[in-house]
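First to last, the protein sequences are chains A and B.
Counting from 1, one number per residue, gives the positions in the first sequence under the numbering used here.
Counting from 1, one number per residue, gives the positions in the second sequence under the numbering used here.
A portion of the hints provided could be inaccurate.
Pairs involving identical chains hold if they fit within one copy or between any two copies, as the list cannot separate such chains.
Using 20 Å as the maximum straight-line C-alpha spacing, the simulated SDA-like pairs for lysine to any residue come out as follows [stated by the list, open to error]:
id : residue 1 : residue 2
1  : K92       : T110
2  : K92       : A214
3  : K43       : V200
4  : K92       : P115
5  : K92       : G113
6  : K92       : L204
7  : K92       : E161
8  : K92       : R32
9  : K43       : D191
10 : K92       : I184
11 : K92       : R213
12 : K67       : K92
13 : K137      : N212
14 : K92       : A70
Just so you know, the hints here were simulated from the structure itself, not pulled from any lab data.
Number of protein chains: 2
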Amino acid sequence: MSVAIIGGTGDEGFGLALRLARAGEDVVIGSRAEERGQAAAEKAADLLGLGSGAGTRGGIEGTSNEKAAAGSELVFVTVPFAGQAEIYRSIKDALRPDAVVCDTTTPLATAVGRPAWQVLTPWEGSAAEQAKAILSKNVRLVSGFHTISGHALQSLDRDLEGDVLLCGAEPEAKAAVGALVGRIPNLRWVDAGPLSMARVIERLTAGLVSVNRAYGITTA
Amino acid sequence: MSVAIIGGTGDEGFGLALRLARAGEDVVIGSRAEERGQAAAEKAADLLGLGSGAGTRGGIEGTSNEKAAAGSELVFVTVPFAGQAEIYRSIKDALRPDAVVCDTTTPLATAVGRPAWQVLTPWEGSAAEQAKAILSKNVRLVSGFHTISGHALQSLDRDLEGDVLLCGAEPEAKAAVGALVGRIPNLRWVDAGPLSMARVIERLTAGLVSVNRAYGITTA
Numbered sequence: 001m002s003v004a005i006i007g008g009t010g011d012e013g014f015g016l017a018l019r020l021a022r023a024g025e026d027v028v029i030g031s032r033a034e035e036r037g038q039a040a041a042e043k044a045a046d047l048l049g050l051g052s053g054a055g056t057r058g059g060i061e062g063t064s065n066e067k068a069a070a071g072s073e074l075v076f077v078t079v080p081f082a083g084q085a086e087i088y089r090s091i092k093d094a095l096r097p098d099a100v101v102c103d104t105t106t107p108l109a110t111a112v113g114r115p116a117w118q119v120l121t122p123w124e125g126s127a128a129e130q131a132k133a134i135l136s137k138n139v140r141l142v143s144g145f146h147t148i149s150g151h152a153l154q155s156l157d158r159d160l161e162g163d164v165l166l167c168g169a170e171p172e173a174k175a176a177v178g179a180l181v182g183r184i185p186n187l188r189w190v191d192a193g194p195l196s197m198a199r200v201i202e203r204l205t206a207g208l209v210s211v212n213r214a215y216g217i218t219t220a
Numbered sequence: 001m002s003v004a005i006i007g008g009t010g011d012e013g014f015g016l017a018l019r020l021a022r023a024g025e026d027v028v029i030g031s032r033a034e035e036r037g038q039a040a041a042e043k044a045a046d047l048l049g050l051g052s053g054a055g056t057r058g059g060i061e062g063t064s065n066e067k068a069a070a071g072s073e074l075v076f077v078t079v080p081f082a083g084q085a086e087i088y089r090s091i092k093d094a095l096r097p098d099a100v101v102c103d104t105t106t107p108l109a110t111a112v113g114r115p116a117w118q119v120l121t122p123w124e125g126s127a128a129e130q131a132k133a134i135l136s137k138n139v140r141l142v143s144g145f146h147t148i149s150g151h152a153l154q155s156l157d158r159d160l161e162g163d164v165l166l167c168g169a170e171p172e173a174k175a176a177v178g179a180l181v182g183r184i185p186n187l188r189w190v191d192a193g194p195l196s197m198a199r200v201i202e203r204l205t206a207g208l209v210s211v212n213r214a215y216g217i218t219t220a
């Protein structure tokens, strides 16, 4: 079964697609436009040298967000906060009833033209809880990956390091996402508690941006 | 001296332009595109019967947001929250050093595709304080008009009623905006305290939307 990455043409999603495909997973990149999803998949296959006979890597394909969501039991949603609600509405009916969805959204103030080291507070408390409010009740939602930058994920010549903090109501869903985390070298997953802890964890992204800014680095 | 309405092609701004021009003020409608500002001014003049010799009404013109801001000592900013920061950056250098700016923005969750009866909490606490963070320090900012709907403002056959709650640091600036409020029949202005009270007052818009929704009305 493949892993779907909704919004897989963005920095975080594309980086995640690269790392998971390199780890041997079959990955489907979703985009609003099927062609853009396909183009991203071709670029990713090229970067990973897929088809060159390396043999230890997974496949990577591209399609629309809806088709990607329909075809996977584990769906990452990696989109900017401004478009998050619209994307969830667009995939809601396509998602399998038993899907595990991992949301990586941070409600950065960039959604309304303000700096990336500031956040908005969504009505529900966090972007993940906003997603939960839109999705069908049976979908198992996990929030995570807020401290792993798209830049780092895409820098394939460097190992990642650190902990991936996962929040959510269902232990099995967190473990399913955690198993994928464990396939990426040097990454470890940590259970950070219920979905409402996303109110804390999501904001770490803005904190890291602020540290990067203070020190003129990209690797906080 | 004319009153400028930035974003005067939107519901709230256009309605305010109509009411102020009918009260005898000279109003300049600003829009991102000069032509759209002009078209809105022509529509407003038409609705008000200006030029027909009524004689008791002010003039109404349209132009770009920047030109409107540059030409007025009293500037209303009536734009959706999603574009508010960008609009303030675009007029910041055009504003007169001693301008009084009245912000009518509510940080409705519609900015990120969520319902109009929900709000986002901006980094600074309110949309008005976000505007303050962008503007030069000498600009005197007032927040107000959140309980007067664009629909009501545009319904010229009906009198408005109610209180216009104004927040801001400078009493003279509130009084200047209040004097304009007083020119609109049946409206009264109330000093609601410092600018940070916008954290309370702005949210009343979402509350009114929710009441309208519960009762199937538009006049809460």
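Each hint, compared with the structure:
1. K92 <-> T110: Close across copies (19 Å), not inside one copy (25 Å); limit 20 Å.
2. K92 <-> A214: Neither. Shortest intra-copy (40 Å) and inter-copy (26 Å) distances fail the 20 Å Cα cut-off.
3. K43 <-> V200: Result: close neither inside a copy nor across copies, 34 Å intra and 49 Å inter.
4. K92 <-> P115: between (30 Å within a copy, 17 Å between copies)
5. K92 <-> G113: between (27 Å within a copy, 15 Å between copies)
6. K92 <-> L204: So K92 and L204 fail the 20 Å test inside a copy (27 Å) and across (31 Å) alike.
7. K92 <-> E161: Intra 33 Å, inter 43 Å, cutoff 20 Å: neither.
8. K92 <-> R32: within (14 Å within a copy, 35 Å between copies)
9. K43 <-> D191: For K43 and D191, the Cα distance exceeds 20 Å both inside one copy (33 Å) and across copies (59 Å).
10. K92 <-> I184: neither (28 Å within a copy, 47 Å between copies)
11. K92 <-> R213: neither (37 Å within a copy, 25 Å between copies)
12. K67 <-> K92: Intra 12 Å, inter 45 Å, cutoff 20 Å: intra-copy only.
13. K137 <-> N212: Classified as neither; 38 Å inside a copy, 28 Å across copies.
14. K92 <-> A70: Cα proximity of K92 and A70: one copy only (10 Å, versus 47 Å across).
The structure fails to meet hints 2, 3, 6, 7, 9, 10, 11 and 13 from the earlier list, while all remaining hints are met.
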